[in-house]
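Please put together the full structure from these sequences, using the hints given.
Protein chains: 2
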Amino acid sequence: MDLVNHQFRLAARPVGLPKPSDWQYTEEPVTEPGDGEVLIKILYISLDPAMRGWMNDGRSYIAPVGVGDVMRALAGGEVIASNHPDVAVGDCVTGLLGVQEYAVANGGAVMKVDTSQAPLEVYLGTLGMPGMTAYFGLLDIGRPQDGETVVVSGAAGAVGGVVGQIAKLKGARAVGIAGGSEKCAYILEELGFDAAIDYKAENVNAALHEHCPRGIDVYFDNVGGDILDAALARLSRNARVVLCGAISQYNATGAMKGPSNYMSLLVNHASMTGFVVSDYGDRYADGAREMAEWLAAGKLKSREDIASGLERFPDTLLRLFKGENTGKLVLEVAGD
Amino acid sequence: MDLVNHQFRLAARPVGLPKPSDWQYTEEPVTEPGDGEVLIKILYISLDPAMRGWMNDGRSYIAPVGVGDVMRALAGGEVIASNHPDVAVGDCVTGLLGVQEYAVANGGAVMKVDTSQAPLEVYLGTLGMPGMTAYFGLLDIGRPQDGETVVVSGAAGAVGGVVGQIAKLKGARAVGIAGGSEKCAYILEELGFDAAIDYKAENVNAALHEHCPRGIDVYFDNVGGDILDAALARLSRNARVVLCGAISQYNATGAMKGPSNYMSLLVNHASMTGFVVSDYGDRYADGAREMAEWLAAGKLKSREDIASGLERFPDTLLRLFKGENTGKLVLEVAGD
Chain A
1 MDLVNHQFRL AARPVGLPKP SDWQYTEEPV TEPGDGEVLI KILYISLDPA MRGWMNDGRS
61 YIAPVGVGDV MRALAGGEVI ASNHPDVAVG DCVTGLLGVQ EYAVANGGAV MKVDTSQAPL
121 EVYLGTLGMP GMTAYFGLLD IGRPQDGETV VVSGAAGAVG GVVGQIAKLK GARAVGIAGG
181 SEKCAYILEE LGFDAAIDYK AENVNAALHE HCPRGIDVYF DNVGGDILDA ALARLSRNAR
241 VVLCGAISQY NATGAMKGPS NYMSLLVNHA SMTGFVVSDY GDRYADGARE MAEWLAAGKL
301 KSREDIASGL ERFPDTLLRL FKGENTGKLV LEVAGD
Chain B
1001 MDLVNHQFRL AARPVGLPKP SDWQYTEEPV TEPGDGEVLI KILYISLDPA MRGWMNDGRS
1061 YIAPVGVGDV MRALAGGEVI ASNHPDVAVG DCVTGLLGVQ EYAVANGGAV MKVDTSQAPL
1121 EVYLGTLGMP GMTAYFGLLD IGRPQDGETV VVSGAAGAVG GVVGQIAKLK GARAVGIAGG
1181 SEKCAYILEE LGFDAAIDYK AENVNAALHE HCPRGIDVYF DNVGGDILDA ALARLSRNAR
1241 VVLCGAISQY NATGAMKGPS NYMSLLVNHA SMTGFVVSDY GDRYADGARE MAEWLAAGKL
1301 KSREDIASGL ERFPDTLLRL FKGENTGKLV LEVAGD
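Sequences listed follow chains A and B, in order.
Using the numbering used here, the letters of the first sequence map in sequence onto residues 1 to 336.
Using the numbering used here, the letters of the second sequence map in sequence onto residues 1001 to 1336.
Since the hints were derived computationally from the structure, they do not count as laboratory data.
There may be inaccurate statements among the hints.
Claimed, not checked - In silico lysine to aspartate or glutamate, DMTMM-like type, Cα no more than 20 Å apart, as pairs:
| hint | chain 1 | residue 1 | chain 2 | residue 2 |
| --- | --- | --- | --- | --- |
| 1 | A | Lys200 | A | Glu324 |
| 2 | B | Lys1112 | B | Asp1226 |
| 3 | B | Lys1170 | B | Asp1286 |
| 4 | A | Lys257 | B | Asp1226 |
| 5 | B | Lys1168 | B | Asp1022 |
| 6 | B | Lys1257 | A | Glu324 |
Values in this document were obtained by computation on a predicted structure and should not be read as measured data.
Put into structure tokens, the structure is as follows:
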């Protein structure tokens, strides 16, 4: 095989927003898959807020990406060579394949997906990690009840949009916080949220007061910072705060801003619980099945925001942190 | 009755630590109890960190004390006149009787206590609100399991000392954080904690690392601030943080310090849950019975730190916020 693989490697640990010099664009020959391995031609690379955390040194739920290593990313592609009995050439798979054009992976470490059910890129979003994040975080930790009010930040993003839709499926009211009138229109009109708060144009405290007259029963937090504080100030008794992310803080160069209003948990007998989707690895298949059913039945809508060209990876990743994506941000790797 | 009642009233809402001019010392004749009411001669006044919060304006779990009102306090005393069928002259009772020498209260709003089982002042501490706070916060929210590590701050205080002892009764390791070598010696030698950390003399992060080699399974927080952050940084997987108070922050004049390390909840699938003891009002009797049994059996030790003289109330209250008390701080009201 005379295939050439291009890759983005972590050149330096970023301080604040990743800058061009934090990346190295490299080229090398594609290697043959070894025993039990498969060779995958990558078609779509998932861009996720969690990637920023993986670039930092220090103890976390997953080891950091090493300087000089191919940047870690979820991706989907087609198997073009296989030495694994359960994976065939032509299969579509997803996995932690990295920011590159070709990946060699253990056949047992990738997930086969059925592209007759949904396009490959949907398996990186609503039927993939972000969808499972929304599903388990909301249902296992948030536990919305009929008639309760669920508020989600980052509501037009890959996770937030699914959170609001599942809240509605469970009989709750869904209030979304997003940046800009287009995103707010999207979650109201396409996704069926009951209310939208444009944090760039509105006073979030006042808007939460207006849209959550009986308080917030479940707050699903993707952003941290001032919006988390505003939601804490509006909790109802026995409220559940689901800590999923803190994208407003990931590129902070000073100390992380802790939630000043955390004592609202005390006076409201409320809880704040964190998770990462891998905590639910053993229940992933059940979640994926139910989500696929909802999607097939039209009960769940999915939108992907697709950029094209591997070389655009550094700039496209920044769109996440600038809040420029609506729906799941995916990079389509240009074909040969 | 020609009895005279002296009282401390809230003269102004404090900014920071309450100062003498925030109080008004008043004198008035004792009034007769009305229908269903009882007249109580107060013997002991409980001094609790929560009192600082009651002095602030704003929405909380209980209405603020009005400016000009008698300061709210739990207290214990003897009934000297009764118009309530269930309460007799000579009964000892506790209740929200206020910072004063005599109180008229509804007979149904006070709790009769058995001073043949324990001295009256113990019903303001280990067998009263602080004891119930420790009991329900630790057992209902913390849920320590055999062999787990429980860390409690304010460990030499009325709540913290009981938390550590109940943790031990449940088979957990108890690590206490307290200020000063005397307090540390007290919790180790008298209360039977497994380890003590003197936050005034030690690096709390390093000491938690040393004494919690497998991480913190339950952190019971009475103090907030930097110590909460240190504990968050050391959580084990599925850890439970019990938010009971934040005494380090109650007199802050700027914004409350939120816990910068709250994302440790996320990576550890951990939770932080708040409560006030009144959330458990319907189970209070069960808790009080079990605590009384433990105390009678010598499984639980109780210490009271008793100051004397109503006129010393303002200074004695400050001892709480300066961390000067060991055990339950109580003000004995001088007899006539």
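Each hint, compared with the structure:
1. A distance of roughly 13 Å separates the Cα atoms of Lys200(A) and Glu324(A); the hinted pair therefore holds under the 20 Å criterion.
2. As the CA atoms of Lys1112(B) and Asp1226(B) are separated by approximately 40 Å, the hinted pair breaks the 20 Å bound.
3. Pair hint Lys1170(B) plus Asp1286(B) holds up; C-alpha atoms about 17 Å apart against a cutoff of 20 Å.
4. Between Lys257(A) and Asp1226(B) the CA atoms are separated by roughly 13 Å; this keeps the pair inside 20 Å, and the hint holds.
5. Under the criterion of a C-alpha separation no larger than 20 Å, the hint pairing Lys1168(B) with Asp1022(B) is inconsistent with the structure, at around 41 Å.
6. Only pairs whose Cα atoms come within 20 Å are accepted, and Lys1257(B) paired with Glu324(A) is rejected, the gap being roughly 31 Å.
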